[in-house]
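**Student:** Below are the chains, spelled out letter by letter.
2 protein chains.
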Amino acid sequence: MPQKVRIALDAMGGDVGASVVVPGAAISLTRHPDTEFLLFGDSKLIEAELARHPALKAASRVIHTDVAVGMDDKPSQALRRGRKTSSMWLAIDAVKHGEADVAVSAGNTGALMAMARFNLRTLPGIDRPAIAAVWPTLRGDSVVLDLGASIGGDAHHLVALALMGSAMASVLFNIERPTVGLLNIGVEEMKGHEEIREAAELLRAMNLPQLNYVGFVEGDGIGKGLADVIVTEGFSGNIALKAAEGTARQMSELLRNAMSRTWLSRLGYLLARGAFQVLRNKMDPNKSNGGVLLGLKGLVVKSHGGISAEGFAYAVDVGYEMAHYDLLTKINQMLNRDGSALASAQTAQEAVS
Amino acid sequence: MPQKVRIALDAMGGDVGASVVVPGAAISLTRHPDTEFLLFGDSKLIEAELARHPALKAASRVIHTDVAVGMDDKPSQALRRGRKTSSMWLAIDAVKHGEADVAVSAGNTGALMAMARFNLRTLPGIDRPAIAAVWPTLRGDSVVLDLGASIGGDAHHLVALALMGSAMASVLFNIERPTVGLLNIGVEEMKGHEEIREAAELLRAMNLPQLNYVGFVEGDGIGKGLADVIVTEGFSGNIALKAAEGTARQMSELLRNAMSRTWLSRLGYLLARGAFQVLRNKMDPNKSNGGVLLGLKGLVVKSHGGISAEGFAYAVDVGYEMAHYDLLTKINQMLNRDGSALASAQTAQEAVS
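Line order of the protein sequences matches chains A and B.
My numbering runs 23 ahead of the 1-based position in the first sequence.
My numbering runs 23 ahead of the 1-based position in the second sequence.
Keep in mind that the hints were calculated from the coordinates and are not lab data.
Check each hint, because a few of them may be wrong.
Chain copies aren't distinguished; within one or between two, either way the pair holds.
With a cut-off of at most 27 Å between alpha-carbon atoms, the simulated DSSO-like pairs for lysine-lysine come out as follows [unchecked claim]:
1. Lys310 to Lys247
2. Lys305 to Lys247
3. Lys107 to Lys80
4. Lys353 to Lys67
5. Lys107 to Lys97
6. Lys247 to Lys107
7. Lys97 to Lys214
8. Lys97 to Lys119
9. Lys67 to Lys310
10. Lys107 to Lys353
Note that the structure is predicted; figures quoted are calculated from it, not measured.
Whole structure, please, built from the sequences with the hints as guidance.
**Tutor:** See the structure below:
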């Protein structure tokens, strides 16, 4: 564990860049004063923002670059134009060269994933990285992955996701043996894609000391908190996440409209506003900000692009915690304990099929 | 359009059977007095319930059978044990033989789908049936399909879903040319599975007079009401539906807990209870009950298994509307207009690939 947590920030990432990234970092710094920042981007813009946040300024170093990856750049474009020069690349590069413990960017997901993969490379045994995030549930929080880093994948990929997600959950929630469920459209054994059924067999057969496979979980089981870690390939993970976010937003809007309908309901709202604040806090999408890129030889956190400073601060917090509790070492242990869990998955898979 | 709408009910379907099905039908009858019912199942149980609902009794005929499909029966088991004898089969059979306009069952989905497919057969050009349901959005209602009848599918399958979903939306919402979106994990053209991108090209190339293809829609676009019809294969459709249902339930529970925390919030709740009723009505999962099996030579509606009489009544309502507005003819027109839209999709697909 490093003395201080050193966070590299892509200060140009996101819909607005420095004017959210810098104040966001300032908020996170108040929560974790043992943080140092490397800020990559247009130094004039960054310094202007830092002037308003003296504590952050004292904990930061600014590294200037003119190049920024656009929010609509395709991954190939971003790599062509921004490799070795863009703020996003440089933030990742700082992690690669050990100058930072984690990089945080609100830049576009495809470009970030491509650059992180290209520059940091994947861990041994991992073909494709994943994005994992914390999902608030009725029972506490769960880790859900993959939220859209890659589409599809075989049983071996799903097992790798289960291992990495468990490492993240055990670091984040401080539990020894997180429960793991595979997202499926039914809980019966015969349900779902073949690769999901195969992954279930593998996880059961592997019977790992570091994760507790509990079976299939349906879409509504995520919010019930039926497992600490919910595993699925990136397409359905992304659909689940966005459908849930959409429903939460829809209900908030309906509630707001309903509460302002009559003077009686407006009065009721005033009296109960403490309760509404509790609800808002629990369902605050800002608090779920910060997707962790898993499977790389370095820590990278992705923030939503269209986010407030408060929201960006949560992504910085996630980066802080992942670095502070040394997620990378935990994942490596998970992948390699007992002579590589994934290799044993491979063997088990061959035995099964 | 028939004089009266004749609805065949699987009175044994669902977690509790007749004690929900019969009172549910009675509720629906008050909303649509021009309905006649055929009730299939254990006549003793059915008659006991009918005794409490004289108006329904007068509009019903009971057909006795001892055999009921279990909620946990596998489709193959259900077919083996319940073919030609079970209440579920007989209700579907009534549709096949023109004795009923639509069958409604709260029995298990796999069995219902297998029996309906086996007995009614699919429409020309349709390989695999789908389940569609109405999804409440901020802009009104949308039709979403497939919610889990089958997993995966090529571009041709997705186009067939788009056509059938549009037929349902145009019947249900009384619109000429419903807007149609393909569910995807991004709105950019390069995103998603190949078959989705191919289906997008096909729908654009076909430029049909009866549907207006508007592009990709992300998971949170469903609740925003970005299209009248949202098309996806059954796995991700089911995941999206359940994730949304789970989130709605989670928020309701959080809200309930929050509102009962202090005497002030409880008082606020009392004053605003009209507003909460409005919200509850809008998000009432009962009202979304009733999945329509599309692509068969007959109308079948699937109700949730664990539902109240009020909820089952909504599924009966859906059956009524589908039959009353003659969805089947509309779908057939959709599939065949201009010399079979699906054949032209096939040709377009060959041209594209």
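**Student:** If a hint holds in the structure, say so; if it doesn't, say that too.
**Tutor:** Hint check results:
no. : hint             : verdict
1   : Lys310 to Lys247 : both (18 Å within a copy, 22 Å between copies)
2   : Lys305 to Lys247 : both (14 Å within a copy, 22 Å between copies)
3   : Lys107 to Lys80  : within (25 Å within a copy, 78 Å between copies)
4   : Lys353 to Lys67  : neither (39 Å within a copy, 63 Å between copies)
5   : Lys107 to Lys97  : within (17 Å within a copy, 57 Å between copies)
6   : Lys247 to Lys107 : neither (44 Å within a copy, 40 Å between copies)
7   : Lys97 to Lys214  : between (36 Å within a copy, 11 Å between copies)
8   : Lys97 to Lys119  : within (23 Å within a copy, 52 Å between copies)
9   : Lys67 to Lys310  : neither (30 Å within a copy, 56 Å between copies)
10  : Lys107 to Lys353 : neither (29 Å within a copy, 58 Å between copies)
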